[in-house]
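Q: All letters in the sequence shown, in the order written, are residues 1 to 170 by the numbering used here.
Wrong hints could be hidden among the right ones.
[Claimed, not checked] Have a look at the derived ranges for each label pair, beta carbon to beta carbon:
no. : residue 1 : residue 2 : range
1   : 78        : 28        : 35 to 45 Å
2   : 21        : 81        : 28 to 38 Å
3   : 20        : 91        : 26 to 36 Å
4   : 123       : 144       : 32 to 42 Å
5   : 164       : 27        : 11 to 21 Å
6   : 5         : 155       : 24 to 34 Å
7   : 66        : 152       : 18 to 28 Å
8   : 20        : 76        : 38 to 48 Å
9   : 20        : 155       : 19 to 29 Å
10  : 24        : 81        : 30 to 40 Å
Calculated from the structure, these hints are not laboratory results. All C-beta atoms in this analysis are idealised placements derived from N, C-alpha and C, irrespective of residue type, glycine included.
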Amino acid sequence: MGDEIEIKVGYLGATTPTSWWTELLCKIIGASTWHWFMFVVPDTDGWIITESIGKGVALTRFDYEKSYIYRIKGLEVSPEKLISIISYYGAYRYDWDVAFKTALWWFLKHYFGKLIPRYHDKEVNCQEWVCLLAAELGVKIIPDGEYPMCTNLERSPYLEELGVRWFPIR
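Make the full structure from the sequences, and use the hints.
A: Pasting the structure below:
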């Protein structure tokens, strides 16, 4: 699939790793994607998305060259509802130690069956952000025992992968 994928409000996007260490972490957990975001509203220049990046939770312009596109099963949402939820959590900062936590979480979970307890601390990484948004919208995207992050979100039984879409660089 490619350019023919029709994106809708509430669909998830995921990009591939962009550095050697993110590629290594993705290899360890068997993932081909690294950064996650949600499509909010189309405009004349493409899409506005929500993501948790270095500055924290944000509404930003989609400017990635390509993205894996995922549909959350059972979700239909309006841009207004999504923006309302995003504005409620708008001050959440970015969780800077996400790479370390991801590697440690995977190691403990899969080799020792232990899960790192995690509390809402008003910091979220990109995967926690889309999981939180989905929960606020009344849908699940990860199994109950794997909050706040599943080992490999792209294999979630609650998501349908629609394919990879390339976008013209603006």
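Q: If a hint holds in the structure, say so; if it doesn't, say that too.
A: Each hint, compared with the structure:
1. The hinted range of 35 to 45 Å is satisfied by residue 78 and residue 28, whose Cβ atoms lie roughly 38 Å apart.
2. At roughly 36 Å, the beta-carbon separation of residue 21 and residue 81 lies within the given 28 to 38 Å, and the hint holds.
3. Between residue 20 and residue 91 the Cβ separation comes to about 33 Å, which falls inside the hinted range of 26 to 36 Å.
4. Between residue 123 and residue 144 the C-beta distance comes to about 22 Å, which lies outside the given range of 32 to 42 Å.
5. Against the hinted window of 11 to 21 Å, the Cβ-Cβ separation of residue 164 and residue 27 comes to about 19 Å, which satisfies the hint.
6. Between residue 5 and residue 155 the C-beta distance comes to about 19 Å, which lies outside the given range of 24 to 34 Å.
7. In this structure the hint that residue 66 and residue 152 lie 18 to 28 Å apart at CB holds, the actual value being about 19 Å.
8. Against the hinted window of 38 to 48 Å, the Cβ-Cβ separation of residue 20 and residue 76 comes to about 39 Å, which satisfies the hint.
9. The supplied range of 19 to 29 Å is met by residue 20 and residue 155, whose beta-carbon atoms lie about 23 Å from each other.
10. Evaluation of the 30 to 40 Å hint for residue 24 and residue 81 yields a pass: the beta carbon distance comes to about 38 Å.
Checked against the numbered hints above, the structure breaks hints 4, 6 and satisfies the rest.
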